[in-house]
Amino acid sequence: DAKTTQPTSMDCAEGRAANLPCNHSTISGNEYVYWYRQIHSQGPQYIIHGLKNNETNEMASLIITEDRKSSTLILPHATLRDTAVYYCIVTFNAGNNRKLIWGLGTSLAVNP
Amino acid sequence: NAGVTQTPKFRVLKTGQSMTLLCAQDMNHEYMYWYRQDPGMGLRLIHYSVGEGTTAKGEVPDGYNVSRLKKQNFLLGLESAAPSQTSVYFCASSHTGSNEQFFGPGTRLTVL
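These protein sequence lines map, in sequence, to chains A and B.
So for the first sequence, the numbering used here puts the first residue at 39; every next one is plus one.
So for the second sequence, the numbering used here puts the first residue at 6; every next one is plus one.
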């Protein structure tokens, strides 16, 4: 699986957009970009995923560059409850290589 | 729907004791996973299952055994616990063809 690089930590003001970057320069053509988050002491929570196109759901938006070597997770109006560690993972959706490889993620602090 | 549940939530063992962690899901998912999470490290896959009656080794399988006798349950066993197995254990499940994994709340295990 391709490796990802994320900043260790970020800050964001409550009510503002949080933009979390992820580099995955070795991503292969069939690998998806997945984002999860983990609020302190809880199990990780799926946020969103995409292959090529930008994606949006009720939680966030995912912007993938045209060359697919990087992506950005956008939380449009961050709240205090969005304080968590955010993980960017690239993986296949099927086959033996579909396992998730977790890094250390980005610790996002949303400040009042 | 309860989603993914884990039993117990907390446990303290002495070195050499055995125990079984139970994971149950009510979403009819084919895939189930056991992870461990240690301070300063990402989640690491211990074992996983692609369906009832099947199991496979993950990244860190040594010292653990698993069984998937029923589709909805995935058991993780420690035959002879060691202090190195002190960790938080997370169970997850997903449908075939997706890496949207649903996580349980975790089991905090301490081995003295």
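Since the hints were made in silico from the structure, they are not lab data.
By construction, the Cβ of each residue, glycine as well, lies at the ideal position given by its N, Cα and C atoms.
Any given hint could turn out to be false.
As the list claims (entries may be wrong) - Calculated pairs, DSS-like style, for lysine-lysine (alpha carbon to alpha carbon, straight line, at most 27 Å):
| id | chain 1 | residue 1 | chain 2 | residue 2 |
| --- | --- | --- | --- | --- |
| 1 | A | LYS90 | A | LYS137 |
| 2 | A | LYS137 | B | LYS19 |
| 3 | A | LYS137 | B | LYS75 |
Said to hold, decoys possible - Estimated spans, in silico, between C-beta atoms of each pair:
| id | chain 1 | residue 1 | chain 2 | residue 2 | range |
| --- | --- | --- | --- | --- | --- |
| 4 | A | THR43 | B | VAL65 | 18 to 24 Å |
| 5 | B | ASN78 | A | ALA51 | 26 to 32 Å |
| 6 | B | ASN33 | A | PHE130 | 20 to 26 Å |
| 7 | B | GLY56 | A | ALA51 | 26 to 32 Å |
What the hints assert, rightly or not - Covered by chain A, per the in silico footprint, the following chain B stretches (three or more residues, Cβ under 8 Å):
| id | region |
| --- | --- |
| 8 | 20–33 |
| 9 | 103–111 |
We went through each hint and held it up to the structure:
{"no.": "1", "hint": "A:LYS90 with A:LYS137", "verdict": "20 Å, holds"}
{"no.": "2", "hint": "A:LYS137 with B:LYS19", "verdict": "32 Å, violated"}
{"no.": "3", "hint": "A:LYS137 with B:LYS75", "verdict": "22 Å, holds"}
{"no.": "4", "hint": "A:THR43 with B:VAL65: 18 to 24 Å", "verdict": "23 Å, holds"}
{"no.": "5", "hint": "B:ASN78 with A:ALA51: 26 to 32 Å", "verdict": "44 Å, violated"}
{"no.": "6", "hint": "B:ASN33 with A:PHE130: 20 to 26 Å", "verdict": "22 Å, holds"}
{"no.": "7", "hint": "B:GLY56 with A:ALA51: 26 to 32 Å", "verdict": "46 Å, violated"}
{"no.": "8", "hint": "20–33", "verdict": "violated (count 0)"}
{"no.": "9", "hint": "103–111", "verdict": "holds (count 9)"}
Checked against the numbered hints above, the structure violates hints 2, 5, 7, 8; every other hint is satisfied.
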